[in-house]
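4 protein chains.
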Amino acid sequence: MTNLQAVNTLTELRSAVRTFSVERDWEQFHTPKNLAAALCVEAAELLEPFQWLKNGSDDELNPEKRTEIRHEIADVFLYLIMLADKMEVDLIEAAQEKMLLNAIRYPVEHVRGDARKYDEYK
Amino acid sequence: MTNLQAVNTLTELRSAVRTFSVERDWEQFHTPKNLAAALCVEAAELLEPFQWLKNGSDDELNPEKRTEIRHEIADVFLYLIMLADKMEVDLIEAAQEKMLLNAIRYPVEHVRGDARKYDEYK
Amino acid sequence: MTNLQAVNTLTELRSAVRTFSVERDWEQFHTPKNLAAALCVEAAELLEPFQWLKNGSDDELNPEKRTEIRHEIADVFLYLIMLADKMEVDLIEAAQEKMLLNAIRYPVEHVRGDARKYDEYK
Amino acid sequence: MTNLQAVNTLTELRSAVRTFSVERDWEQFHTPKNLAAALCVEAAELLEPFQWLKNGSDDELNPEKRTEIRHEIADVFLYLIMLADKMEVDLIEAAQEKMLLNAIRYPVEHVRGDARKYDEYK
Numbered sequence: 001m002t003n004l005q006a007v008n009t010l011t012e013l014r015s016a017v018r019t020f021s022v023e024r025d026w027e028q029f030h031t032p033k034n035l036a037a038a039l040c041v042e043a044a045e046l047l048e049p050f051q052w053l054k055n056g057s058d059d060e061l062n063p064e065k066r067t068e069i070r071h072e073i074a075d076v077f078l079y080l081i082m083l084a085d086k087m088e089v090d091l092i093e094a095a096q097e098k099m100l101l102n103a104i105r106y107p108v109e110h111v112r113g114d115a116r117k118y119d120e121y122k
Numbered sequence: 001m002t003n004l005q006a007v008n009t010l011t012e013l014r015s016a017v018r019t020f021s022v023e024r025d026w027e028q029f030h031t032p033k034n035l036a037a038a039l040c041v042e043a044a045e046l047l048e049p050f051q052w053l054k055n056g057s058d059d060e061l062n063p064e065k066r067t068e069i070r071h072e073i074a075d076v077f078l079y080l081i082m083l084a085d086k087m088e089v090d091l092i093e094a095a096q097e098k099m100l101l102n103a104i105r106y107p108v109e110h111v112r113g114d115a116r117k118y119d120e121y122k
Numbered sequence: 001m002t003n004l005q006a007v008n009t010l011t012e013l014r015s016a017v018r019t020f021s022v023e024r025d026w027e028q029f030h031t032p033k034n035l036a037a038a039l040c041v042e043a044a045e046l047l048e049p050f051q052w053l054k055n056g057s058d059d060e061l062n063p064e065k066r067t068e069i070r071h072e073i074a075d076v077f078l079y080l081i082m083l084a085d086k087m088e089v090d091l092i093e094a095a096q097e098k099m100l101l102n103a104i105r106y107p108v109e110h111v112r113g114d115a116r117k118y119d120e121y122k
Numbered sequence: 001m002t003n004l005q006a007v008n009t010l011t012e013l014r015s016a017v018r019t020f021s022v023e024r025d026w027e028q029f030h031t032p033k034n035l036a037a038a039l040c041v042e043a044a045e046l047l048e049p050f051q052w053l054k055n056g057s058d059d060e061l062n063p064e065k066r067t068e069i070r071h072e073i074a075d076v077f078l079y080l081i082m083l084a085d086k087m088e089v090d091l092i093e094a095a096q097e098k099m100l101l102n103a104i105r106y107p108v109e110h111v112r113g114d115a116r117k118y119d120e121y122k
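Chains as they are written, first to last, in this note's numbering: chain A, 1 to 122; chain B, 1 to 122; chain C, 1 to 122; chain D, 1 to 122.
Rather than coming from a laboratory, the hints here were simulated on the basis of the structure.
Don't take each hint at face value.
[What the hints assert, rightly or not] Derived DSS-like pairs (lysine-lysine); straight-line CA-CA distance at most 25 Å:
hint: 1; chain 1: A; residue 1: 54; chain 2: C; residue 2: 54
hint: 2; chain 1: A; residue 1: 54; chain 2: B; residue 2: 86
hint: 3; chain 1: A; residue 1: 86; chain 2: A; residue 2: 98
hint: 4; chain 1: D; residue 1: 65; chain 2: C; residue 2: 98
hint: 5; chain 1: D; residue 1: 86; chain 2: A; residue 2: 54
hint: 6; chain 1: D; residue 1: 65; chain 2: D; residue 2: 54
hint: 7; chain 1: D; residue 1: 98; chain 2: D; residue 2: 86
[What the hints assert, rightly or not] With the C-beta cut set under 7 Å, the calculated list includes, among others, these residues of chain D facing chain A:
hint: 8; residue: 48
hint: 9; residue: 52
hint: 10; residue: 106
hint: 11; residue: 108
[To be verified] Which stretches of chain D does chain C cover? Using the computed rule of at least three CB atoms under 8 Å from a CB of chain C, they are:
hint: 12; segment: 8 to 21
hint: 13; segment: 26 to 36
hint: 14; segment: 74 to 80
hint: 15; segment: 83 to 92
Even for Gly, the Cβ is constructed at its ideal location relative to N, Cα and C.
Next up, chain A with everything else stripped away, as it sits in the complex (with noise of 0.2 Å):
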């Protein structure tokens, strides 16, 4: 039997993420760099699916495998959900301030519809 509950927000999932980690008695191995390396892990494995496809738009997805991207996607956040916190980083302040930032190095009457530009943003 689990003690999961429901979580609706972000703040309360950060909650849940830790009470995982502290009852399984596994912060020990969550350092910042371990947790980096598990989320670089896991990208790849989100990549994984899409690897040999030529876009992986819906007609190339049958329901195993967006289930296994769910999936996939779900690891990523997870793992970009302890490693932030241990960093002391809002999630969705960190967003906001990094697109502020591509806002003002992209501005939109500069980059719409030069698909070269795109190419320089990262």
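Got chain A sorted already, so can you dock chains B, C and D onto it with the hints?
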């Protein structure tokens, strides 16, 4: 001048991310496969500042490195939001579902205090 | 002034790579785990120039991008040589062994012309 | 029954890898972009067995893990050979060229004994 507004929730952030791409006509590049590749690239950029450190604890990180890590965390999050959006995956729901599967697979009483078990965990 | 000499074989290259690290006192950083992380980071840097392209064919690559790709291929190779050396793995032997396993797993007469089979290949 | 012959050099290995793909009609999947993605996936699979270890030294690895690592090293090498072949990059030459650039960028007398310098190295 940018049109970014303050966001407080994951749903609002996803909406802002959508607008950002549409305004720049970047949707054409955002196939699921390309987003999965970009996510993988960003996850590796997040691993990079940790790669030669012992474990990434506070004493190994200066302010510049912490800012870099914060930005890379944001980049991973932004691509994850985009990919989940394309795949019609609700991040909170999918993470919760995966945690439930993990809770069944790794019961507290079975795992606790046994480091070897952790190694089998992915 | 550098001490690099021309190398013609993988064995000579491995020897040059060893000397390069020892001369700089970098062996202390080259744990197997760190080298595996660095290899992963470099592999992602090699993926980066392709991430928004259709398939990376000649017409999508300019000379600058080709040079970047060439350097990233070299970086992946150098870290692979270092990691294999630490793990006492002979690259040629290990690759040949793996190809033999793949040949058994994917017999020509079974696989040929069936794209679905490829998707199961890793 | 397979057609694999013993190979002793990188050139012979590349030739065997080519034949392997052609015989199975797999060339159609091997665009540079797909090979770069597959290489990234395999590099992450090679990182995976190290992700929760301290540094991956001998005492942390059992025979099963060593075999897994050996196979993953081989997979990375095989995809690297395929991608280099498609890009018309000679692996030995490119690695040597990159080492020369690194030797200029990190002169022995400047780098030796200064761990901070290493962190800037990529």
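Satisfaction of the residue 106 of chain D interface hint, Cβ to chain A closer than 7 Å:
violated, 23 Å
Proposed proximity, residue 54 of chain A with residue 86 of chain D (alpha carbon, max 25 Å):
Answer holds: residue 86 of chain D to residue 54 of chain A is near 18 Å, not above 25 Å.
Does residue 98 of chain A lie within 25 Å of residue 86 of chain A when you go C-alpha to C-alpha?
holds, 19 Å
Restraint status (C-alpha distance of residue 98 of chain D to residue 86 of chain D at most 25 Å)
Given that 25 Å is the threshold and the Cα spacing comes to 19 Å, the pair holds.
Return the status of the interface hint for residue 108 of chain D: holds when the least beta-carbon distance to chain A is below 7 Å, violated otherwise.
violated, 28 Å
Using C-beta distances, would you say chain C covers the segment 26 to 36 of chain D, given that this needs three or more residues below 8 Å?
Result for this restraint: holds, n = 8.
Hinted contact residue 48 of chain D with chain A - closest CB pair below 7 Å:
Status holds, d = 5 Å.
Claimed coverage, the segment 8 to 21 of chain D by chain C - three or more beta carbons nearer than 8 Å:
holds (count 7)
Pair hint residue 65 of chain D and residue 54 of chain D, alpha-carbon separation not exceeding 25 Å:
Holds, at roughly 15 Å.
Quick one, are residue 65 of chain D and residue 98 of chain C close enough, alpha carbons at most 25 Å?
holds, 16 Å
For the pair supplied as a hint, residue 54 of chain A and residue 54 of chain C, is the alpha-carbon distance within the 25 Å limit?
Distance of about 8 Å is within 25 Å: holds.
Would you check chain C against the segment 74 to 80 of chain D, counting CB to CB pairs closer than 8 Å, and say if three or more residues qualify?
holds (count 6)
The structure fails hints 10 and 11 (numbered hints given earlier, in ascending order).
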